[in-house]
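The listed protein sequences correspond, in order, to chains A and B. Position 218 of the first sequence, counted from 1, bears residue number 218 in this note's numbering, the numbering being contiguous throughout. Position 173 of the second sequence, counted from 1, bears residue number 173 in this note's numbering, the numbering being contiguous throughout.
It is worth saying that the hints were derived from the structure and are not from the lab. Take the hints with a grain of salt, since some may be wrong.
Some residues of chain A that are not near chain B, with every Cβ distance over 10 Å (derived) [to be verified]: (1) Pro-45; (2) Trp-66; (3) Ser-80; (4) Glu-159; (5) Phe-169; (6) Leu-174; (7) Trp-241; (8) Asp-321; (9) Gly-346; (10) Ser-354; (11) Phe-437.
Examples of chain B residues lying across from chain A (beta carbon under 10 Å, computed) [unchecked claim]: (12) Gly-79; (13) Glu-80; (14) Gln-83; (15) Ala-150; (16) Val-152; (17) Ala-243.
Every residue gets a Cβ at the ideal spot worked out from N, C-alpha and C, and that includes glycine.
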Amino acid sequence: MMAAIRIAFLNIRLVMRTRVALFFTFLFPLIFLFVYGAVFAHGDPAVVAYLFGPVVTITVMGSAFWGLGLQSVTQRERGSLRRYRLAPVGSGAIVGSSLLANYLLQLPTVALLAICAVVFFHMRFTVGWRALFILVSVGAYTFAGFGLTIASVANTMQEAQVYNNLIWFPLLFLSGATFPLPMLPHWVQRVAIFLPATHLVTAFQGVMSGARPLSAYTPQLLALVVSGTVGLLFAWKLFRWDKEDKISTSNKVLSLVLIIPFLIIGTWMTAYADPSASWASVFNGLDRQGSGQSAGKVTKEQVSSPSGSASGLWGLVSDFDDSGPGSQPTARFGSGWIVSTDSMLGGKSTAEMSVVDGGAEGSKGALQVRGTIVSGAAFPWAGAMFCPGPQPFAPADLSVPTESRKEIIFWAKGDGKTYRILIFSQSRGTIPASQDFVVGDRWKQYTFPLSSFSGIDGRGIQGILFSAGPDSGNFSFAIDDIRFQ
Amino acid sequence: MRPGGSNPTVVEAAGLCKNYGSVQALRGVSFEIKKGEVFGLLGPNGAGKTTTIEILEGLRQPDGGSVRVCGLDPTRQSGELKQRIGAQLQATVLPDKIRVDEAMRLFAGFYRRPASIDKLMERFGLAEKGHALYETLSGGQKQRLALALALVNDPELVLMDEPTVGLDVQLRRDIYSMVETFRGEGRTVLLTTHYIEEAERLCDRVAIVDRGQVVALGTPRELVARSSRGSRLEVRVSKPLGADMIKQLEAVHDFNERDGTYFLYAQPVARAVVALIRLLEMESNELLDLHVSQPTLEDVFVEMTGRKIEE
């Protein structure tokens with residue numbers, strides 16, 4: 001063990017003397033943090049906290065695959081390991097020293113990321129250093145196992161780079177480390193459940209947002225640790241000192257045993273604990289600030305439903321007659337109404353909603369929605385969204401009576417512009433089905449069969465959005481008596 | 001202590017065989033090394049020298065035969081063996097950014113009884129380069145560092161694989177004097193080389209290796225004495241000598257002529273010289289130049305293998 005510790009500290013000193021290594025170890029993660037924070041999060045502390053987990057995950061993955069793993073292959077190709085082999089130093093000491101050095105370099109890197117996120121983006125550091133330490137440790141340990149396994153099975157540097165790319169890019173783009181999981185298609189989310197990086201990203205996001213305690217992610221963290229341990233054992237057993245020593249094809253195939261823990265956990269989660277809803281809940285529950293919008297923020301007044309259960313998910317949604325003018329709207333089921341704008345994707349459109357007097361057909365109240373569409377975002381929008389599930393953006397199955405024509409009906413009036421009704425469902429992922437309607441200055445009833453919304457059958461409904469856009473400019477419309485029949 | 005002789009055996013290799021796929025690198029290599037002697041494995045590239053030394057170091061397992069080093073099995077008792085031997089690879093590669101003293105202390109830390117680092121660095125002329133990065137060292141300094149690392153555990157047996165390859169003459173001489181110092185300290189040395197002069201100068205005994213086999217083994221003097229070619233006389237005379245006349249010279253068993261110079265192979269050389277002088281006097285032929293050289297290990301190698309060591 002002393003040999004491993006000596007070599008580990010030597011390796012750390014060598015990194016400190018190499019400018020390229022210093023850049024990729026400390027500065028490169030900071031670049032990610034500032035790009036994510038300034039560009040994707042627009043400096044919003046809540047969004048920065050949400051994206052902090054992906055930044056840390058990319059950091060520990062990158063260090064393991066492109067630092068630790070490739071360095072091991074380079075040492076073997078260069079012949080540096082041969083001198084160690086002449087000394088009473090075993091392969092376990094070499095593997096252990098690589099793991100230890102990588103880990104000891106990750107800790108200050110992540111601490112620096114956290115400090116910069118707090119100082120520059122005012123991120124609220126509610127997770128605590130203990131939970132952060134545990135998550136970073138698990139991540140660094142797991143991906144070190146992956147990186148060293150790749151180093152063991154690759155015969156050359158080029159081969160190692162091919163394996164790295166084959167594994168790195170899916171982990172990067174399908175795990176939530178780049179695109180938030182709730183924004184990805186449903187089938188991608190199904191795949192993401194089986195990826196190791198997904199569990200680290202979502203654990204970070206859940207804990208950083210305060211939505212769930214660290215203990216809630218115990219099975220996932222356990223799977224990560226088990227896989228990391230298998231990887232390290234594999235790397236130790238198949239360790240090679242010389243580039244002339246080639247690895248057999250059967251041993252390369254055997255390395256796939258690393259994915260077994262994730263197959264198990266992914267299968268279990270798919271069958272019994274689908275995380276899609278919790279991912280969406282964390283994402284949409286972000287307490288965003290800075291834009292003056294409460295997009296994604298759910299207040300007690302908004303969540304007012306006589307029944308949040310699936311059995312009441314039909315019929316009248318809202319008639320806005322319960323609340324007085326100027327108040328927030330209520331709904332008969334689901335989690336209620338929220339303002340939804342393109343600010344969650346970096347846009348600048350705005351919207352506000354409130355109950356007003358003078359509903360359709362002489363009813364007491366209606367929901368007034370007004371705001372401004374600002375061009376710039378890929379898909380500018382702003383409006384009011386009804387969420388039929390128990391939490392914003394949680395899926396709900398609308399219980400369609402057999403005699404029903406399956407339609408959504410509502411009244412609307414406004415400024416004469418064209419608006420859209422968009423239905424979000426699990427089956428369509430982040431791309432909603434939509435229909436346009438033009439409002440006049442008088443109340444008019446609109447009826448849309450559910451079948452007119454492509455891919456919508458009433459199951460897995462996450463939200464129904466009444467929205468302006470994409471044309472830029474001010475907008476104002478009112479809706480009333482929204483119902484399913 | 002006189003090297004070899006009745007001294008205990010430090011290395012025993014018997015019938016070593018090693019295959020790399022269909023290539024037979026070693027085909028029954030056998031030799032012993034006594035305590036305190038400098039033993040050489042001399043042969044061309046690809047003869048099996050490095051494979052042999054790697055088996056002794058425990059880096060490779062033989063496919064046949066047996067080997068004991070310092071009374072230990074290099075395969076099964078590798079950890080204990082490495083505590084007692086020092087080795088210098090044909091090409092030692094260290095990280096570019098490691099400092100000289102850092103490398104010395106790192107490797108010294110792996111052993112139960114390390115030598116004094118400061119004394120070693122002083123001895124190998126590295127004291128002033130203690131804080132220098134490895135990448136800034138010259139080729140000679142890197143070689144000296146590799147040698148110093150081989151002694152960091154004060155070993156009883158030092159294994160050196162082609163220690164002077166690629167070095168200039170001065171550095172080569174420096175290495176030679178270091179090896180002679182090892183001998184003076186009572187260490188046992190095994191070195192592999194393809195330089196004849198190096199084997200002749202340094203080694204108490206030499207095993208000539210070719211194509212995975214030991215073709216000759218003995219002290220350099222013994223090996224040379226076995227050469228059937230004998231000494232060589234280079235002769236230049238004022239008038240051409242007839243082939244019949246040369247063939248009849250006493251003690252001369254072979255000859256050839258090139259560009260007016262006659263090369264006579266004779267044993268014993270003194271009789272051949274006397275016979276040559278008598279012949280020249282009888283023929284009124286003036287002796288212009290005479291040069292006598294002893295056979296070398298290369299001559300022995302050529303006789304044994306039919307080709308030169310560089311081929």
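Original post:
If you take the shortest Cβ to Cβ gap from B:Val-152 to chain A, is it below 10 Å?
Top reply: Hint on B:Val-152: holds, closest Cβ of chain A at ~9 Å, below 10 Å.
**OP:** Decide, holds or violated, for the assertion that all CB atoms of chain B are farther than 10 Å from the CB of A:Leu-174.
**Re:** Per Cβ check, A:Leu-174 is outside 10 Å of chain B; nearest 36 Å; holds.
Original post:
Holds or violated: is the Cβ of B:Gly-79 closer than 10 Å to a Cβ in chain A?
Top reply: With Cβ-Cβ at 5 Å, under 10 Å, it holds.
Subject >> Reported absence of A:Asp-321 from the contact zone with chain B (all CB gaps over 10 Å) >> reply: 76 Å, holds
**OP:** With 10 Å as the threshold, tell me whether A:Glu-159 passes as away from chain B on beta-carbon distances.
**Re:** Nearest chain B Cβ is 21 Å from A:Glu-159, so the label holds.
Subject >> Outside-interface status for A:Gly-346 - nearest CB in chain B farther than 10 Å >> reply: 42 Å, holds
Original post:
Does A:Phe-169 sit more than 10 Å from chain B, CB to CB?
Top reply: Correct as stated: the minimum Cβ-Cβ distance to chain B is 30 Å, above 10 Å.
Original post:
With a cut-off of 10 Å, does the beta carbon of B:Ala-150 approach a beta carbon of chain A closely enough for the hint to hold?
Top reply: 8 Å, holds
Original post:
Taking the closest pair, is the beta carbon of A:Phe-437 still more than 10 Å from chain B?
Top reply: 68 Å, holds
Subject >> A:Pro-45 and chain B, when compared Cβ to Cβ, separated by more than 10 Å >> reply: Since the minimum Cβ distance to chain B is about 40 Å, A:Pro-45 lies beyond 10 Å and the statement holds.
**OP:** Determine whether the non-interface label on A:Trp-66 survives the test: each CB of chain B must be over 10 Å from its CB.
**Re:** 18 Å, holds
**OP:** Classify the hint on B:Ala-243 as holds or violated, based on whether any CB of chain A lies nearer than 10 Å to its CB.
**Re:** At about 54 Å, which exceeds the 10 Å cut-off, the nearest Cβ of chain A leaves the hint on B:Ala-243 violated.
Against the hints set out earlier in the document, violations occur for numbers 3, 7 and 17.
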